[in-house]
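Keeping their order, the protein sequence lines are chains B and Y. Residue 623 is where the first sequence starts when you use my numbering, and the numbers rise one by one after that. Residue 3 is where the second sequence starts when you use my numbering, and the numbers rise one by one after that.
If you're looking for bench data, these hints aren't it; they were derived computationally from the structure. Keep in mind that a hint or two might mislead.
What the hints assert, rightly or not - Listed below are several chain Y residues computed to face chain B (Cβ distance under 7 Å; list not exhaustive):
| id | residue |
| --- | --- |
| 1 | Pro68 |
| 2 | Thr138 |
| 3 | Asp160 |
| 4 | Ser163 |
| 5 | Ser166 |
| 6 | Arg192 |
| 7 | Ala193 |
| 8 | Val194 |
| 9 | Gly195 |
Glycine residues also receive a C-beta, built at the ideal position from the N, C-alpha and C atoms.
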Amino acid sequence: MGNLTLIQCRFSRTRSWLLLVGWLFALSAGFSQTQEVPVYPSFDALQPVFSSGADTTYVINFWATWCKPCVKELPYFEEAYESYQGQPVRIILVSLDFPNQIESRLLPFIREKGLRSDVVVLTDPDANAWIPRIAEEWSGAIPATLVVNGTNRVFREGDFESLADLREFIRSCNN
Amino acid sequence: MIRSLLMMILLVLGTISLQAGNDPGYKIGDQATDFKLKNVDGKLVSLADYKDAKGYIIIFTCNHCPFSIAYEDRIIELHRKFAPKGFPVIAINPNDPEVQPDDSFAAMQARASEKSFPFAYLMDEGQKIYPQYGATRTPHVFILDKNRVVQYIGAIDDNHSDPSAVKRRYVEDAVAALEAGREPEETFTRAVGCTIKAKK
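Only chain Y is shown next, with the shape it has when bound in the complex (with noise of 0.2 Å):
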């Protein structure tokens, strides 16, 4: 009895190990870590500290990604729509600067004043956090409900080149589904993108 608890458990641990080693990053339903990254005014910054927070809309993106660029007035909009309903924008720059030097802390807080960034614009330092999510590409979106639920990993919208031809605004429409206590229909989308720079 004991010996078959016990190779139900190493069976266990063991199906754990192979899935984690596979496929690093959240998937829907796991719990995303918080963390506290420095903000470009300086500041530490945590999910902690969103107190009236119903979730998160947390974006890997950052200066340098034309991608990222395309996106930066969409963001700002996002932020302005959900983040009086209690859905704030948090964008992480993930680039290692030494890499990408557009992707400094300095060139962050230039760019932040420019655009005049509604919401938190944050550097991962040491690159801790954008492996943990699983962040491949900028941008890249986590939307995690207030339990720190990931419920959404993915693209902003279908149509990156013109904000004037998309059809599905699948952050939107996630924000939404869980604002009215629901699910998101579609949880995952994939986008072209710019690759996380760090040292090889």
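In isolation and in its complexed conformation, chain B is listed as follows (with noise of 0.2 Å):
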């Protein structure tokens, strides 16, 4: 549970400007599809993202392009997407694509795929600062899933079966 605190919306003006910047970055990538893809070059100015809403569940889930099991559990999240439509449920897919792949890797990717839910890309190095404040647990392999709704949290590391087992992963959160 020490890892609680640590969700919580904390904007400093530094972290907003990482914000714009990484926004700025995602818009002059010349992506001018359905959503934005905003990139954080750091965990701060990720983490903001999944700790605003108070009584929102976040579906965080860490994945890359590249990642054969990430790949194959998306459809389930997109799924979830669809039918948490009107309910507080928010479902974020952090890409961990190399920065020098953004533009000719995940973009593509995203658009062709047609992704909904919302895509942001996390390029800090720094893993071994930010992994344990996601999850003490958690080794730092993908795919990882981190469910939060206020105090409460359940993470797997590890991909999903199915949708079923998705959706029992996150009703799991707030038991």
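Both chains are given apart, each in its own frame, so use the hints to dock them into the complex.
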């Protein structure tokens, strides 16, 4: 439970600025589809994204286009996105694609797959510093998923077998 | 007296098995197992074969994972720098090639020859070794001392995507400490990596 305090909205001027840089980067990448893809150069800048709504359940999935099991389970997150419409559940797909592959690989991938869940990119290289802030028990292998709602949290290192598996996992956060 | 002793033993045994069940894999201070695994040259390799070793840099890595690829040149450098000082790199591919065909033995041989790997690149055939070590991703480093006692577990350095922006060289620092007869300051770090591919 030590991680919970970390997942709280703490905007500072620097962080907002970094956030802006992220958005500008995504925009300048020429991405003009249904959603923008913010790029966060630091974990500090990303953290407020999944800690702002008090009654919201955040489903945060760490993935990359090159990660086979991640790509395999993406449809479950997309289906979950559809099925939780109108409910206070937000699905955020945090891409860990390499900085030099965002334009060449990630954006085309999002377009091709028509992803509708929110996608953000985290390029903070100092993983040893930010991994334990997501989950103390996470070794860093992806896929990995954190579900957090207020002080409740559940974390899984590894993939989901099915939509039912994912839904059950999301539900377990609020039990 | 005997009864309380028995109770004590039972309690201790119970705690040990609980710990083993909860958290598989080595921790700092555990003695690691030796192995006999096939190298890309077809020969079997064991830690015991390295007669003059003062320690071992064991890296679970593979062909296909972008993080492993990003670290390939740095792994070669580690071996070139530290093998002459008695700390060879021993790379082990932990993946099941049926799940990830890019990590087949033939693909390993091809990659090792393309990059002229100066270190042993072994196949964890049957996937018996990586679970004992507790490797969960590639790349995942275990540094052992002369007596095969685990002294460091974790990442190679603190920047996978840009070698020129690295600030902390965890593996180099740990080996340098062992070389100097000290314990490494940083003994456990994390990094993003690819899951180890196994049949479900």
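Problem - Violated constraints from the hint list, given by number and in increasing order - result: 5
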